[in-house]
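Throw the hints in and build the complete structure from the sequences for me.
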Amino acid sequence: MSESPMVNNQLNGKLVALNVSIVYEKNKKSFLAVDKVSLTIQEGEFVVIVGPSGCGKTTFMNTFAGLLRPTKGKVYMDGQEITGPSAERGVVFQQFALFPWKTVFENIEFGLKYRGIPKEQREEIVRKYIHLIKLEGFEHAYPHELSGGMKQRVAIARVYANRPQVLLMDEPFGALDAQTRTIMQEDLSEMFLAEKRTVLFITHSVDEAIYLGDRVVIMTARPGKIKRIIPITRDNLIPERRKMGYEEVVNRREFLELKNEIWGLIKAEILEKHIL
Amino acid sequence: MSRSLEKILDQIFQEKVFLSISSVLGFLLIWYLVTDLLGLMPAIVLPSPEKVFFTIYEKILDPVGEEKLFGHLRISLIRIMVGTGIALALAIPLGILMGWYENLDAVASPIIEVLRPIPPIAWIPLAILWFGIGLASKVFIICIGVFFPTLINTYLGVKFVDPLLIKAAQTLGARDKDILWEVVVPASVPLIVAGMRIGVGLGMMCLVAAELVAASSGLGYLIVLGGDDLKPELSITGMILIGLLGLIADRIILKVERKVVYWRKE
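These protein sequence lines map, in sequence, to chains V and Y.
Read left to right, the first sequence gives residues 1 to 276 (the numbering used here).
Read left to right, the second sequence gives residues 277 to 542 (the numbering used here).
What you were told as hints is all true, and nothing was included just to trick you.
Under the rule of at most 25 Å between Cα atoms (straight-line distance), these lysine-lysine pairs were calculated in the BS3-like manner:
id	chain 1	residue 1	chain 2	residue 2
1	V	K102	Y	K435
2	V	K102	Y	K531
3	Y	K435	V	K28
4	V	K102	Y	K535
5	Y	K453	V	K102
6	Y	K443	V	K74
7	Y	K443	V	K102
8	Y	K507	Y	K344
9	V	K26	Y	K443
10	Y	K531	Y	K292
11	V	K113	Y	K453
12	Y	K443	V	K14
13	V	K243	V	K128
14	V	K113	Y	K443
15	V	K26	Y	K435
16	Y	K435	Y	K535
17	V	K225	V	K14
18	V	K14	V	K196
19	V	K72	V	K28
20	Y	K453	Y	K435
21	Y	K443	V	K72
22	Y	K453	V	K119
23	V	K259	V	K227
24	V	K227	V	K36
Hint data in this document are derived by calculation from the structure and do not stem from the laboratory.
Structure, rendered in structure tokens:
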């Protein structure tokens, strides 16, 4: 599927975007959604993108997923150009995207079948993830019988069980109520510690971004560009935060300072572009 | 004892079944009033309900033309089942493939778009010319009636599958062929079944139309014979059985629908 490897220094990293621009056509008018974005994500890194609504975050992520080709520029994984979707880059969609005619068990099993994993092994893997997302007893429930939080846990487990090298998560908790969201954030933190993957995560919530991310990428309003990248881990902010509860972390002084800084940048962006 | 009876009566009154039964009885009563009791309609125009019931009873025992009543019913049933079966076996796969493969869509669509608006009964003369007046010509007309609604619904079902589900399948490692069978087909089942329901309803109309024009058996033949022989009770007998047949067919499809679309919210 991919072309010959062309590894050079520029392409060092698990995921690389080079000068990615995306032009959208709508009602015969074309407009720029993403403007020359370059970003390198290292293996095992958890990168979060935040930015005003409609800044092209999702569009940008879709190019890594292989669901959209950039109009200009290129995206790479392990130095190979991304030309289409792959099981190595799992996507958790904002709207869950569970198969409604499949049970919880069958949804989680879906990708494993195409990986050629034998039946007994598949069962074992699915059971493990059902345990991890605390949905024992719901194996044979259909998505319409689940709450929003449960559905999203299934969607995450479906991608996790498939063991992709990269996880792309598009506002996965956006549709959840505050309490469920907190639990999901803690679960994700726990799961990320248990099985380290490379993660690109989109959110509207600054709290969520700081709690989960190693780095937070702040994007500008349309057209989307990178405004600033704030390292969270490198500044050694609350190094043990992934083992701590969400409430505990978000009330720490270091956290609040960081939150102010990031909010300031986003607010400036919103005011400057007169989005409100 | 009387309390529980009261309860049961209460329940009966609350049940919509009670209303439904009353409406049928009311209908029969009005029919009885305008015919027998008040004589507003002469029997040669509108026979009384008991005359129709007597005719049904009589024709179960004595043949009309070549067959007794249930013989005619059986013949009509075979025609509708063979015609529907062939139509579904052609329309569902073709609809799925047209919805999925754009090249096939481009090839088939213009022909289908022209043939589709032609009422199935307009095919009757050609059907007789091609297939004679036996089983094949009726099956052909019924086939046309069932085919197009089923085809169009299946096609639309495939076209309108939530693209998000396809994207999810792609990013989980499913290839095009897997996506067609594992995602697109199950997702379009509700619309396919809805199309079958419309199709079978139309198929019943086609059955009667075909039997009216050229047949010496079947329920449509009874209906036309009743007109020719000035025996409206015979026509009404045929109409009642057609109505019941249609009702049963529709209920069966509803049952099938509930079975295959178990995963939908109520």
